[in-house]
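Trainee: Sequence:
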Amino acid sequence: MGPVKVEIRYLDAANWQPATACDFTIGAEADVWKIKIADHLLFIGQLTKLLLPDEISRAGRYYHEKDRKRFIVSRAVLRVILGKYMGLRPQDIRFEAGPNKKPFVKTMGAAVNYNVSHSDEWVTLAVSKTAVGIDTEKIDRSFAYKEILADNFSEEEICFINQDNPTDKFILLWTRKEAIAKLTGQGLDERIKEIPCLNGNHQTNRNIINSSKTIQLVSFRLDSDNLATLAYESDSPVTVQFRDINCGDFSVK
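Quick note on the numbering used here: the sequence shown kicks off at 4 and runs consecutively.
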């Protein structure tokens with residue numbers, strides 16, 4: 004088998020559409036959802052009712068209240084959205100962890116792949132027919148990123164980062180490496196430096212990225228302080244739909 008192709012692009016402005024515009028069918032596209040935690044806190048009681056007992060117990064183990072609420076909102080809204088795609092009640096969906104703890108839908112008949120990322124006040128969810136990964140990171144300009152450049156990035160990537168707005172560029176490239184690692188389930192390990200992350204078309208060995216298809220990446224902003232990258236498998240062009248949910252869009256009963 005030949006090398007793995009990786010195609011990477013940056014989207015200047017994602018076209019976020021309301022959840023009501025989604026027909027919840029997955030064809031030759033990938034859906035990206037953004038969820039702002041603060042917009043859902045008024046519904047925390049209703050959302051908690053959508054969780055299974057083990058999830059409620061897990062929520063109770065968080066030391067900080069904000070972390071507990073973030074978990075409840077993200078888990079419940081994940082159930083609501085996936086339930087719409089699958090024609091199931093949110094409570095009927097079952098999750099399991101695969102190799103390297105990558106989560107998947109265990110429910111019989113599931114025909115969707117998903118991946119979730121959390122950052123700051125945002126949760127992002129990617130849904131696709133094929134393997135998918137998403138990473139979201141807050142741009143923390145006090146972060147000492149220079150200390151980890153040599154171990155994680157190529158010389159060409161470091162030159163790109165050290166241009167204008169270096170922290171933004173570091174976060175951008177990091178989300179790309181992370182999204183690929185989440186797609187494959189391989190995690191970030193000693194191969195991280197060899198995972199391509201600059202705009203354009205690349206090729207790499209299968210021992211670096213374990214995939215039989217082309218890996219396509221799209222990077223975008225959630226707001227001025229948060230960057231994200233979607234990674235998905237497809238040898239053909241894929242339309243990425245961007246969805247913005249708020250709790251008023253769906254029944255949470």
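Worth flagging that the hints you see were computed from the coordinates, not collected in a lab. Any given hint could be a false lead.
[To be verified] EDC-like cross-link-like pairs, simulated, lysine to aspartate or glutamate; straight-line CA separation at most 20 angstroms:
#1 Lys87 with Asp143
#2 Lys52 with Glu32
#3 Lys52 with Asp26
#4 Lys8 with Asp26
#5 Lys141 with Asp167
#6 Lys39 with Asp226
#7 Lys141 with Asp226
#8 Lys39 with Asp70
#9 Lys149 with Glu124
#10 Lys72 with Asp42
#11 Lys37 with Asp15
#12 Lys69 with Asp15
#13 Lys39 with Glu158
#14 Lys216 with Glu32
#15 Lys172 with Asp238
#16 Lys172 with Asp226
#17 Lys39 with Asp228
Trainee: Take the hints in turn and mark each one as holding or not.
Mentor: Against the structure, the hints:
1. Lys87 with Asp143: At roughly 35 angstroms apart (the allowed maximum being 20 angstroms), Asp143 and Lys87 break the hint.
2. Lys52 with Glu32: It is violated: about 31 angstroms lies between the C-alpha atoms, which goes past 20 angstroms.
3. Lys52 with Asp26: violated (25 angstroms)
4. Lys8 with Asp26: violated (31 angstroms)
5. Lys141 with Asp167: Cα-Cα ~18 angstroms, so holds.
6. Lys39 with Asp226: Holds - the C-alpha atoms of Asp226 and Lys39 are around 11 angstroms apart, at most 20 angstroms.
7. Lys141 with Asp226: holds (10 angstroms)
8. Lys39 with Asp70: holds (14 angstroms)
9. Lys149 with Glu124: violated (26 angstroms)
10. Lys72 with Asp42: Status holds; Cα separation ~12 angstroms.
11. Lys37 with Asp15: holds (17 angstroms)
12. Lys69 with Asp15: violated (31 angstroms)
13. Lys39 with Glu158: Violated. Lys39 to Glu158 sits at ~36 angstroms, over the 20 angstroms cutoff.
14. Lys216 with Glu32: Distance ~15 angstroms between Lys216 and Glu32 Cα, so the pair holds.
15. Lys172 with Asp238: violated (27 angstroms)
16. Lys172 with Asp226: holds (15 angstroms)
17. Lys39 with Asp228: holds (13 angstroms)
In summary, the numbered hints that this structure violates are 1, 2, 3, 4, 9, 12, 13, 15.
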